[in-house]
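Asker: One letter stands for each residue in the lines below.
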Amino acid sequence: MYTQGLDQKQKKSVADPGDSPERLAAFQARIDADEKIEPKDWMPSAYRKTLIRQMSQHAHSEIVGMLPEGNWISRAPTLRRKAILLAKVQDEAGHGLYIYGGTETLGVSRDDLVADLLSGKAKYSSIFNYPTVTWADVGAIGWLVDGAAIMNQIPLCRCSYGPYSRAMIRVCKEESFHQRQGYEIMLELCRGTDEQKRMAQDALNRWWWPSLMMFGPSDKTSEHSAQSMAWKIKRFSNDELRQKYVDATVPQADYLGLRMPDEKLVFDEKTGHYEFGEIDWQEFFEVLKGNGKCNRERLEARNRAHDEGRWVREAARAYAEKQAAKDAA
Amino acid sequence: MPRNKLQKTQREEIMSKQGWPLYEVFIRARAGLSHRHVGSIHAADKTMALDHARDLYTRRNEGISIWVVKSADIIASDPIDSDALFGPAADKIYRHPTFYKIPDDVENI
Ligand SMILES: [Fe+2]
Ligand SMILES: [Fe+2]
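Residue numbers (this note's numbering), protein chains in the order written: chain A, 50 to 378; chain B, 815 to 923.
Note that these hints are calculated values from the structure, not bench results.
Predicted model only: the values in this text are computed from it and were never measured.
It is possible that some hints are incorrect.
DSS-like, lysine-lysine: derived pairs with alpha carbons at most 27 Å apart [what the hints assert, rightly or not]:
| no. | chain 1 | residue 1 | chain 2 | residue 2 |
| --- | --- | --- | --- | --- |
| 1 | B | Lys860 | A | Lys89 |
| 2 | A | Lys85 | A | Lys375 |
| 3 | A | Lys269 | A | Lys293 |
| 4 | B | Lys884 | A | Lys375 |
| 5 | B | Lys915 | A | Lys89 |
| 6 | A | Lys85 | B | Lys884 |
| 7 | A | Lys371 | B | Lys884 |
| 8 | A | Lys85 | B | Lys906 |
Put together the whole structure using the sequences plus the hints.
Answerer: Structure follows, in structure tokens:
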């Protein structure tokens, strides 16, 4: 989702000469015994690389994820909604920082990671490249996008890498509020006027399929799942998580009296699961390539914020240096 | 100097001008508990480190007291030394109360 299968054309990782078969076996034995790996422990270079990629993509997604909802902070319909949305968006900034912090324990610097985001080199979740055109989109995002995020992040709480797992536990404690405030917005709209209900249905129509894409490519085409599973970075496959999400979310739409925009959606009595239509993977890969509706706008917004904040960062640094010099004197 | 090395040095110079040092954050959840490590933050100086730690780690009454310390100032043991440091404790079972056999009739011990 935030992190799954975002770069498909990853090169086969080359074995590091330091990764001797004995060390690899001892490492895998620790993982198999459900031990956590901590920053200073020895780890295979591919494990480190996989985590840096996944965690930084996750952090970038939290940061860029503030933009679609941030769009509505100044126009939230009530003071109550405004306070809630501000708190929610602030939480997402926090999520980004927790995870950048976790990634830095792997020997990379946040400044470098952010530079990769700003230059367009690093990926972030496809979902944040869709526009938020009505207030109902804020409801749909909380309900569906944060809902999908929860589905993905709960298993990550048990991830084998200690700092990632701890960051995810912190994040998961905060996500539930995000999803519930979104669903509450949808409830209000669905109990409102016909026009409000139409607005809710329209938002669902536009966000449902992109939220399913958040779980990443189908298992049939996803490349680096098996190794991540063996390392216990990942606990469920993309399709397994997607199915859980559909099963949990469809009844919630029913309760709202809304229809999922999927003609093929049907409950299978035998399996106890919902069957759903084919995802438009062409759209998914186009958005990942940078051709979504808002890719350019998002990167521009991040770059502008970074550039406009530069003098503040430099001034704070200069002040700190001056104070330190004074203290030393 | 080889070209790529020069580039790296320049980059490091830029980084040291722009980047803020890393601090580790410890929070006391409530009186009666120790401060506990919760994560890290970047800040230009100690005042900002406290402010950022407060914004990032105590948005939901998670704490009543914060410690921040520059990550570079932490002195940590190395996992390579784990056996030497912690191994010897394993065979000193006489440090545990269950090592001693006291008859059941003896009370309050
Ligand atoms: Fe988040
Ligand atoms: Fe969230």
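Asker: I'd like to know which numbered hints this structure contradicts. Please list them from smallest to largest.
Answerer: The structure breaks hints 2 and 5; every other hint is satisfied.
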